[in-house]
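Take the sequences, apply the hints, and build the full model.
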Amino acid sequence: MDQIAAHQDNATGRDWPVAIYRTLKDFGVAQLSYVPDAGHSRLIKLSHADASIKTTVLTTEEEGVALSAGAWLGGERAVLLMQSSGVGNCINMLSLMTSCRFPLLTLVTMRGEWAEFNPWQIPMGKATPTTLEAMGATVLRLDNPDDAEEVISAAASLAYDGDQQVAVLISQRMIGRKKWTTETH
Amino acid sequence: MSVPVGTLDRRAAVKTLLADRGDLLVVSGLGSSTYDVFDAGEHPGNFYLWGAMGGAAMIGLGLALAQPKRPVLVVTGDGEQLMGIGSLLTVATKQPANLSIAVLDNGQYGETGMQLSHSGLGAKLDVIARGAGIDDVADIADIAGIESFRASLRDLKGGPRLARIRIATGELERALPPRDGAYLKNRFRGHLGFAVT
Numbered sequence: 001m002d003q004i005a006a007h008q009d010n011a012t013g014r015d016w017p018v019a020i021y022r023t024l025k026d027f028g029v030a031q032l033s034y035v036p037d038a039g040h041s042r043l044i045k046l047s048h049a050d051a052s053i054k055t056t057v058l059t060t061e062e063e064g065v066a067l068s069a070g071a072w073l074g075g076e077r078a079v080l081l082m083q084s085s086g087v088g089n090c091i092n093m094l095s096l097m098t099s100c101r102f103p104l105l106t107l108v109t110m111r112g113e114w115a116e117f118n119p120w121q122i123p124m125g126k127a128t129p130t131t132l133e134a135m136g137a138t139v140l141r142l143d144n145p146d147d148a149e150e151v152i153s154a155a156a157s158l159a160y161d162g163d164q165q166v167a168v169l170i171s172q173r174m175i176g177r178k179k180w181t182t183e184t185h
Numbered sequence: 186m187s188v189p190v191g192t193l194d195r196r197a198a199v200k201t202l203l204a205d206r207g208d209l210l211v212v213s214g215l216g217s218s219t220y221d222v223f224d225a226g227e228h229p230g231n232f233y234l235w236g237a238m239g240g241a242a243m244i245g246l247g248l249a250l251a252q253p254k255r256p257v258l259v260v261t262g263d264g265e266q267l268m269g270i271g272s273l274l275t276v277a278t279k280q281p282a283n284l285s286i287a288v289l290d291n292g293q294y295g296e297t298g299m300q301l302s303h304s305g306l307g308a309k310l311d312v313i314a315r316g317a318g319i320d321d322v323a324d325i326a327d328i329a330g331i332e333s334f335r336a337s338l339r340d341l342k343g344g345p346r347l348a349r350i351r352i353a354t355g356e357l358e359r360a361l362p363p364r365d366g367a368y369l370k371n372r373f374r375g376h377l378g379f380a381v382t
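Line by line, the protein sequences give chains E and R. All the letters of the first sequence, read from the start, carry residue numbers 1 to 185 under the working numbering. All the letters of the second sequence, read from the start, carry residue numbers 186 to 382 under the working numbering.
Just so you know, not all the hints are guaranteed correct.
[Said to hold, decoys possible] FRET-style restraints, in silico, Cβ to Cβ:
{"no.": "1", "chain 1": "E", "residue 1": "R141", "chain 2": "R", "residue 2": "R339", "range": "43 to 51 Å"}
{"no.": "2", "chain 1": "E", "residue 1": "G176", "chain 2": "R", "residue 2": "V190", "range": "52 to 60 Å"}
{"no.": "3", "chain 1": "R", "residue 1": "L301", "chain 2": "E", "residue 2": "D147", "range": "49 to 57 Å"}
Worth flagging that the hints you see were computed from the coordinates, not collected in a lab. A virtual CB, placed ideally from N, CA and C, is assigned to each residue, including glycine.
This is the structure in structure tokens:
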């Protein structure tokens with residue numbers, strides 16, 4: 001039901017997760033893996049509700065890199081969702097993708113770059129683009145919700161048709177400030 | 186806290202495991218497991234890892250999900266599986282019925298000078314696998330056990346399963362399969378009928 005509703009949505013503004021979902025569907029993505037993340041929560045829910053996408057929760061992000069390689073070996077397209085803090089966990093596993101020229105499409109919600117309240121998120125957030133590029137990945141930015149379909153589509157073509165490892169960094173500004181109902185320290 | 190006593194010759198164990206393999210697809214973990222699988226017989230349905238330590242079981246999972254009608258076997262070592270120990274939990278969440286994992290366990294890191302692994306220091310991979318949610322777990326110490334495990338691989342409804350195979354320690358002559366990752370990938374996909382684009 002979620003899937004039908006999603007297709008009827010007008011994918012602009014706050015509906016960018018729906019635009020991403022629809023674009024992934026257009027590209028025939030059959031496997032989605034993720035480490036739970038608030039910014040991706042809607043897309044994760046859409047994926048779980050879609051019987052044609054095998055959705056896998058991971059204990060750590062590099063599992064999803066290896067899973068994507070296995071999916072491709074078996075003839076399926078995969079996408080990996082994570083938060084910027086997970087990019088560092090993937091470094092050595094990215095060697096698998098470059099050594100074998102496996103496609104990798106990963107969508108990374110950024111922390112540590114916009115109105116970040118938690119200083120512990122900042123080092124990995126700052127290092128995210130350079131870390132990915134150091135391992136040979138192409139880094140694209142998604143800063144404007146209205147660009148979601150165009151950017152994800154470009155990234156998917158580059159990954160699945162160009163045999164590249166592609167990360168789309170989704171701006172923390174797009175996701176919004178983390179809201180706290182009570183002050184915590 | 187001691188090295189598990191294994192007497193199986195790893196090459197003979199893997200040869201037995203892969204005999205009459207039929208349509209079995211195999212992913213081998215970094216190090217000696219890759220040499221063992223190659224030594225048992227070169228095959229386009231083998232995907233040899235020369236890196237990606239800790240990733241063998243997850244590659245097996247992605248493949249098993251994509252190819253539910255083919256049996257998929259991951260052959261790896263205790264050290265490689267320990268580095269990706271969380272992947273056993275992830276495998277269990279998906280319950281891929283066509284996926285089997287064989288862990289060649291000598292309690293040591295053979296490739297780097299026989300340092301004791303956590304398995305060699307007392308961790309029980311079979312117990313961990315059960316705790317992760319993999320119900321079909323075997324602790325194998327002889328060839329008859331491997332033959333029985335091999336027969337179970339053809340049951341595409343019985344997985345996921347994991348076998349801890351107790352092998353002897355000691356270094357063997359290396360048997361080196363191709364190292365070109367793109368070649369291995371394209372060969373494997375070609376075996377499944379996917380054209381190189």
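Comparing the hints with the structure gives:
1. R141(E) to R339(R): 43 to 51 Å: 48 Å, holds
2. G176(E) to V190(R): 52 to 60 Å: Cβ of G176(E) to Cβ of V190(R): about 58 Å, so the range 52 to 60 Å holds.
3. L301(R) to D147(E): 49 to 57 Å: 53 Å, holds
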